[in-house]
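Asker: All chains should be modelled from the sequences, with the hints used to inform the complete structure.
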Amino acid sequence: MSSSPTPPTFLAQIQAEITASIIHKNLDAAVHIKPSKMLTPAERLDIYADDYWARILDALIEDFPILQAYLGEDVLYELAEQYLQTYRSKHFSLFYVGDRFSDYLRNTYQKKNRKIVLETADYEWARAWCFFAPQFPLLDPSLFSEDDLMKTVLQFQHHVQLVTYKKQFRMIYRHDAKVNEKMIPRVFKDLLEKIQNGTSLDIAFDHVTTALHTKEIEALFAFCIQYGLLCQKPEGEIL
Amino acid sequence: MTSKFASLPYLGFGLGLRTVHFEDFITSSPEVDWLEIISENFLLESARPIYYLDQIMEKYRVLPHGVSLSIGSSDSLDMAYLKRLKKLVHKLDAPWFSDHLCWGSSGGTNLHNLMPLPYTSDVAKYVGDRVRIVQDYIEKPFILENVSSYLEFETSVMTEWDFLTEIVETADCGILLDVNNVFVSSQNHHFDPMDYMRAMPKDRVVQYHIAGHDVKDKYILDTHDHEIQQDVWDLYRKTIPLFDKVSLMLERDEHIPPLPDLLSELAYAKSIYDDVMKTHVI
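First to last, the sequence lines map onto chains A and B. Everything in the first sequence is counted per our numbering, starting at 1 for the first residue and increasing by one. Everything in the second sequence is counted per our numbering, starting at 1001 for the first residue and increasing by one.
Think of the hints as simulated: they come from the structure by calculation, not from any bench. Incorrect hints may have been included.
Said to hold, decoys possible - Partial chain B-side listing against chain A, Cβ under 10 Å, derived:
#, residue
1, S1068
2, S1073
3, L1077
4, G1104
5, G1107
6, G1108
7, N1110
8, S1156
9, M1158
10, H1189
11, K1216
12, D1217
What the hints assert, rightly or not - Pairs of lysine-lysine, BS3-like flavour, derived with a Cα cap of 25 Å:
#, chain 1, residue 1, chain 2, residue 2
13, A, K37, B, K1218
14, A, K167, A, K182
15, A, K90, B, K1086
16, B, K1238, B, K1278
17, B, K1278, A, K34
18, A, K178, A, K189
19, A, K178, B, K1059
20, A, K37, A, K25
21, A, K115, A, K166
22, B, K1004, B, K1245
23, B, K1083, A, K90
24, B, K1218, A, K34
25, A, K115, A, K182
26, B, K1091, A, K178
27, A, K166, A, K112
28, A, K90, B, K1087
29, B, K1125, A, K34
30, B, K1270, B, K1059
31, A, K25, B, K1238
32, A, K194, A, K215
33, B, K1202, B, K1270
34, B, K1216, A, K25
35, A, K37, B, K1216
From the three backbone atoms N, C-alpha and C, an ideal C-beta is built for every residue, glycine too.
Answerer: Okay, here's the thing in structure tokens:
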């Protein structure tokens, strides 16, 4: 494939200035715009700025309805706007607009209710991500001997998220195109997080404490197999 | 038609496939000639929307329509995006794919908007060269859609219709003629929309879009959140005789009504077409 041609210099300059004006809500780029019979250059530029902020804020807030109810619309919109000034959207899809919102809050939000705000943001983003995340080929245990299965590097499907919310350790997962949750005893947390990061079962179980009962582990893995939550660690690019 | 676009199939009257209607299309299979999807909503491989798309594809012809190609951006073409798009276009076995004549990203920042371009020959050549690269890479015919706009640049030296024509000739691509967008821009920039329609190269217009807009105090906003206004129906009626059979797609993106309402609107579009064709010989 041929590489991109070189853009006219003035085009790059205009686009950079308009982008900056929209993001920072200033009118500097209006100098490039003609007036119309009804609107000044600044008013014409404002139409695009208003549209940008309405669309991107709505896309972000949509993923955090519980946080909106808890903090109130005005507070959340203010936080979201500050976040978007720092973390501009770089992805072609609006879905990713909120992917660093939890991190942003973790680094900047210091009020008394910090713990519940961060926990809620993590929980809601986990659910949002679960909705869209890729699905890799299901693991078929019948294709493995027990020994091979224990040595195979496994991980959870990309849509499986492990979060603590309202003092409950939860596995958020997708099944039949719907987002579901399963409450998991906290004693399984380390084991599941190891698998989430990709490991073989024999290594994962090396660290299992005797407090875990074999029957509970078997039941949990039977559940993961039944709902297609385990896969072999994919190689190469994750689309 | 004399160009390669003459061999593209006529698809009839289609609807934009939106999430709220997924189940309707799967369970009730209403009669629609074809469906158009927003490409970006289906570019994450094996994501949840694909679950529905796979079922809908079994019943309907589905074509991809993008909003994030940013063909007029001074940023380099996004190869990762194009790789995913190519996979989708071929999965659908689409006879063509489309996106907008605009820019949406600069310096890596995505504005998620369809920003207009300065209309100059330099920019037309730049965009045309990029369209050619994209079309060659995807290996399917590409059609470029005119956008609604609310501003004009001091540096522009030609009309939008001359600019669009220059690009499609440079790139050898087709045109997705959005009737509502022509109307909206004509009101915002004070030109006769029929001047635009008459200037379109007849053998390159492959598809129409038709949609609703919102009338503000001092301008018209392209919102896709209303039923189609009479002015746009009138423009569509006057446009039909200018071109050969052109596939049409009705768009609604906000305040989406129940499917039967959209099907009624689509039937109305077809009735206008049939009515015009009774009296006009192309």
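Asker: Each hint should be assessed against the structure and marked as holding or not.
Answerer: Cross-check of the supplied hints:
1. S1068: Where the cut-off is 10 Å and the nearest Cβ of chain A is about 4 Å from B/S1068, the hint holds.
2. S1073: holds (7 Å)
3. L1077: Hint on B/L1077: holds, closest Cβ of chain A at ~5 Å, below 10 Å.
4. G1104: holds (9 Å)
5. G1107: The hint holds - B/G1107 has a Cβ within 10 Å of chain A, the shortest such distance being about 6 Å.
6. G1108: holds (5 Å)
7. N1110: Check passed: Cβ of B/N1110 comes within 5 Å of chain A, closer than 10 Å.
8. S1156: Result: holds, 8 Å to nearest chain A Cβ.
9. M1158: violated (14 Å)
10. H1189: OK, holds: B/H1189 within 10 Å of chain A, min 7 Å.
11. K1216: Hint on B/K1216: holds, closest Cβ of chain A at ~9 Å, below 10 Å.
12. D1217: holds (8 Å)
13. A/K37 / B/K1218: holds (9 Å)
14. A/K167 / A/K182: OK: A/K167 and A/K182 at ~14 Å, within 25 Å.
15. A/K90 / B/K1086: Holds - the C-alpha atoms of B/K1086 and A/K90 are around 21 Å apart, at most 25 Å.
16. B/K1238 / B/K1278: holds (14 Å)
17. B/K1278 / A/K34: This hinted pair is violated, its Cα atoms lying about 44 Å apart.
18. A/K178 / A/K189: holds (23 Å)
19. A/K178 / B/K1059: Roughly 22 Å separates the two Cα atoms, so the pair holds.
20. A/K37 / A/K25: holds (24 Å)
21. A/K115 / A/K166: Satisfied, since the Cα-Cα distance of roughly 11 Å is no more than 25 Å.
22. B/K1004 / B/K1245: holds (15 Å)
23. B/K1083 / A/K90: holds (17 Å)
24. B/K1218 / A/K34: Given that 25 Å is the threshold and the Cα spacing comes to 15 Å, the pair holds.
25. A/K115 / A/K182: Roughly 22 Å between the alpha carbons, so the hint for A/K115 and A/K182 holds.
26. B/K1091 / A/K178: holds (24 Å)
27. A/K166 / A/K112: holds (17 Å)
28. A/K90 / B/K1087: holds (21 Å)
29. B/K1125 / A/K34: holds (23 Å)
30. B/K1270 / B/K1059: holds (21 Å)
31. A/K25 / B/K1238: violated (41 Å)
32. A/K194 / A/K215: holds (20 Å)
33. B/K1202 / B/K1270: holds (20 Å)
34. B/K1216 / A/K25: Since the Cα atoms of B/K1216 and A/K25 sit roughly 21 Å apart, the hinted pair holds (cutoff 25 Å).
35. A/K37 / B/K1216: holds (15 Å)
The structure fails hints 9, 17 and 31 (numbered hints given earlier, in ascending order).
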